[in-house]
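So the protein sequences, as listed, match chains R and L. To convert, take the position in the first sequence, counting from 1, and add 35; that gives the numbering used here. To convert, take the position in the second sequence, counting from 1, and add 8; that gives the numbering used here.
Since the hints were made in silico from the structure, they are not lab data. Just so it is clear, CB atoms sit at the ideal spot from N, CA and C, and this is done for glycine as well. One or more hints might be untrue.
Each pair of labels, with its calculated beta carbon distance range [to be verified]:
hint, chain 1, residue 1, chain 2, residue 2, range
1, R, Gln230, L, Ile283, 41 to 49 Å
2, L, Lys292, R, Lys267, 45 to 53 Å
3, R, Asp157, L, Val68, 48 to 56 Å
When the alpha-carbon atoms are kept at most 27 Å apart in a straight line, the in silico DSS-like pairs for lysine-lysine are as follows [said to hold, decoys possible]:
hint, chain 1, residue 1, chain 2, residue 2
4, R, Lys266, R, Lys249
5, R, Lys93, L, Lys86
6, R, Lys91, L, Lys38
7, L, Lys285, R, Lys111
8, R, Lys133, L, Lys292
9, R, Lys133, L, Lys90
10, L, Lys292, R, Lys111
11, R, Lys93, L, Lys90
12, R, Lys190, R, Lys163
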Amino acid sequence: MAKTLLKVEDLNVYYGSIHAIKGISFEVNEGEIVTLIGANGAGKSTSLNTVAGLLKPKTGSIVFKDKNLVGIPAHKIVKQGMALCPEGRRVFLQLSVKENLEMGAYTRPGREVADSIEMVYDLFPRLKERYKQVAGTLSGGEQQMLAMGRALMSKPELMMLDEPSMGLAPILVDQIFDIIKNLHAHGTTILLVEQNARKALAIADRAYVLETGKIVNSGSGKELLSDDSVKKAYLGG
Amino acid sequence: MLNYLISGISLGSVYAIIALGYTMVYGIAKMLNFAHGDVIMVGGYAAFCAGTYFGWPAPVAVVFSMCICTILGILIEKLAYKPLRNATSLAVLITAIGVSYFLQNMALIIWTSNPKAFPNMANFIPSIIVGDITISSTTIITIIASVIIMIALTLFTSKTKMGKAMRAVSEDKGAAQLMGINVNATISTTFAIGSGLAAIAGVLLCSAYPNLVPTTGSMPGIKAFTAAVLGGIGSIPGAMLGGILLGVLEKFAQAYISTQLSDAIVFAALIIVLIVKPSGLLGKKIQEKV
Ligand SMILES: Nc1ncnc2c1ncn2[C@@H]1O[C@H](COP(=O)(O)OP(=O)(O)O)[C@@H](O)[C@H]1O
Ligand SMILES: [Mg+2]
């Protein structure tokens, strides 16, 4: 039985008076790919942002490697071994590709950075070709690769990805999913949020279905792929 | 003619150093620190006390003044602006104006409104005389100081880890936090640097115009803000260019048009530039996020 890496319990998150996350619980075990699927506005990004410390939950606990993260500021959470590749990429458009990667390694000692950059270049040769360019001049797919590479620079044990395939051409979507599988094969645990439910479920060990801030269904990726309600709502019938 | 150009560049260099402070803080914290001009005044008084009352040599007085202003800048940020990190920009602006008056009134209580005769602290090299033109030692020091500061800041933001983190924070605070960057500490550092520069500007300004009063910083503060906007707020070379252009324009306007109207002319120039190029001379195009 694999160790539990992340355990979220009875999480409630508000935006002012809007109750966005209504008491959800989920967990991610070491070595798994877990996916959260759900319609637009279901609360997927809010969940990830709360785990990463960008949002404060009203109640609930977020335990990562046996340590409660609630109340720890976002900039200290990276060091615990968790990285979030946020929705919409959010690369630093005015920084160069290389500088973006350096920022990803902000919490790590300077002497280790060069090696990690080479590792990311191996994974994304396109980034190497463009290392001097400012990120604002990259295409959408390249920016997504940069965002993922940047998140990898902290050497996370848990990588959270928020809609990495959003807005990309089908061929690039396949490439992004290949990279996720590749990262996973190299030992990174993955928590994936996707609008592309079919692809996400296909690679996931386990999945949770989120609906207006509540988890309404969960199971293995395979189970949910053949679940009637999931098919109807998220897989186009 | 050449005389006016030189005194314009000299005045402009002081504006440039102040403008660099505005631009750094605006670029990273996205706020206009309207009290920046008054930090200059405090820097002037700190150096004055160190030099005249304590009898310290000029370099020590300058360093002392920089320490005072750096601490002041950090305190202002902590006490006045940090609680408003998520407030509307109008609330922050009003607070900044409040801080500005607070500093002026504190100076009024401590040092009264009687002008203090500031001892020149920027005349430790000989003047240069070329034909019938004399370039004063203060002018030379001022220009050299501004160039060194600009180069140092450029290297700092482009080469150091902290400098790059500042640029990251300036673009996206949330994403910067996800990298492990302490946004509050970064903003604090920015205020510290801007205020340390304000102290230098204060010493240079008072060395050239030795009448030190509690409102000494306000007009140069506003002009330097104008310079920062003219050059493109957020841009380091822009602040430098804007400052020097503004100083030269002001001196020429005083010499050839009218002393009374010179300020109006300076602001008219700003308005024209902003109509033609809203982001300022060297300002970055505002990038739409996709
Ligand atoms: N910054 C915000 N302020 C107020 N409400 C928000 C904010 N961000 C998201 N919401 C609301 O919270 C709910 C969940 O949003 P989100 O987590 O972004 O959903 P998803 O990522 O699943 O599309 C939605 O109803 C959305 O409108
Ligand atoms: Mg989302």
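Take a quick look at whether R:Lys266 and R:Lys249 sit within 27 Å of each other, Cα to Cα.
-> Holds, at about 18 Å.
Between R:Lys133 and L:Lys90, does the CA-CA distance stay at or below 27 Å?
-> Given that 27 Å is the threshold and the Cα spacing comes to 31 Å, the pair is violated.
Given the proposed pairing of R:Lys133 with L:Lys292, does the C-alpha separation stay at or below 27 Å?
-> Roughly 21 Å between the alpha carbons, so the hint for R:Lys133 and L:Lys292 holds.
At the C-beta level, are R:Asp157 and L:Val68 separated by a distance inside 48 to 56 Å?
-> 54 Å, holds
Using the beta carbons of R:Gln230 and L:Ile283, state whether their distance is inside 41 to 49 Å or not.
-> At 44 Å between Cβs, range holds.
Can the restraint linking R:Lys91 and L:Lys38 be considered satisfied, given a maximum Cα separation of 27 Å?
-> Distance ~23 Å between R:Lys91 and L:Lys38 Cα, so the pair holds.
Would you check the hint for R:Lys190 and R:Lys163, treating anything up to 27 Å between C-alpha atoms as holding?
-> Satisfied, since the Cα-Cα distance of roughly 19 Å is no more than 27 Å.
L:Lys285 paired with R:Lys111 [C-alpha distance capped at 27 Å] | 41 Å, violated
Is L:Lys292 within 27 Å of R:Lys111, Cα to Cα?
-> Violated - the C-alpha atoms of R:Lys111 and L:Lys292 are around 32 Å apart, more than 27 Å.
Is the hinted pair R:Lys93 and L:Lys86 satisfied, with a Cα-Cα distance of at most 27 Å?
-> Roughly 26 Å separates the two Cα atoms, so the pair holds.
Could you see if the CB distance from L:Lys292 to R:Lys267 stays within 45 to 53 Å?
-> Holds: the Cβ-Cβ distance is about 48 Å, inside 45 to 53 Å.
Hey, R:Lys93 versus L:Lys90, does the alpha-carbon distance stay inside 27 Å?
-> Holds, at roughly 23 Å.
Checked against the numbered hints given earlier, the structure breaks hints 7, 9, 10 and satisfies all the rest.
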